[in-house]
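Asks: All chains should be built: construct the whole structure from the sequences, respecting the hints.
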Amino acid sequence: MKQLKELLVSGAITQKEFDEQKTKLLAQ
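Each residue of the sequence shown is one higher than the last, beginning at 1010 in the numbering used here.
Rather than coming from a laboratory, the hints here were simulated on the basis of the structure.
The list that follows gives simulated cross-link-like pairs (lysine to aspartate or glutamate, DMTMM-like), each with its CA atoms no further than 25 Å apart: (1) 1031 x 1015; (2) 1014 x 1028; (3) 1033 x 1015; (4) 1014 x 1029; (5) 1011 x 1028; (6) 1014 x 1026.
Predicted, not measured: the structure shown is a model, and the values here were computed from it.
Replies: Pasting the structure below:
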């Protein structure tokens, strides 16, 4: 989860991608 946040902050992923990944993680 921390890595995801860092990717978002660094601009490596978009907010939309972040939300999708977060949803996937929470669904597990």
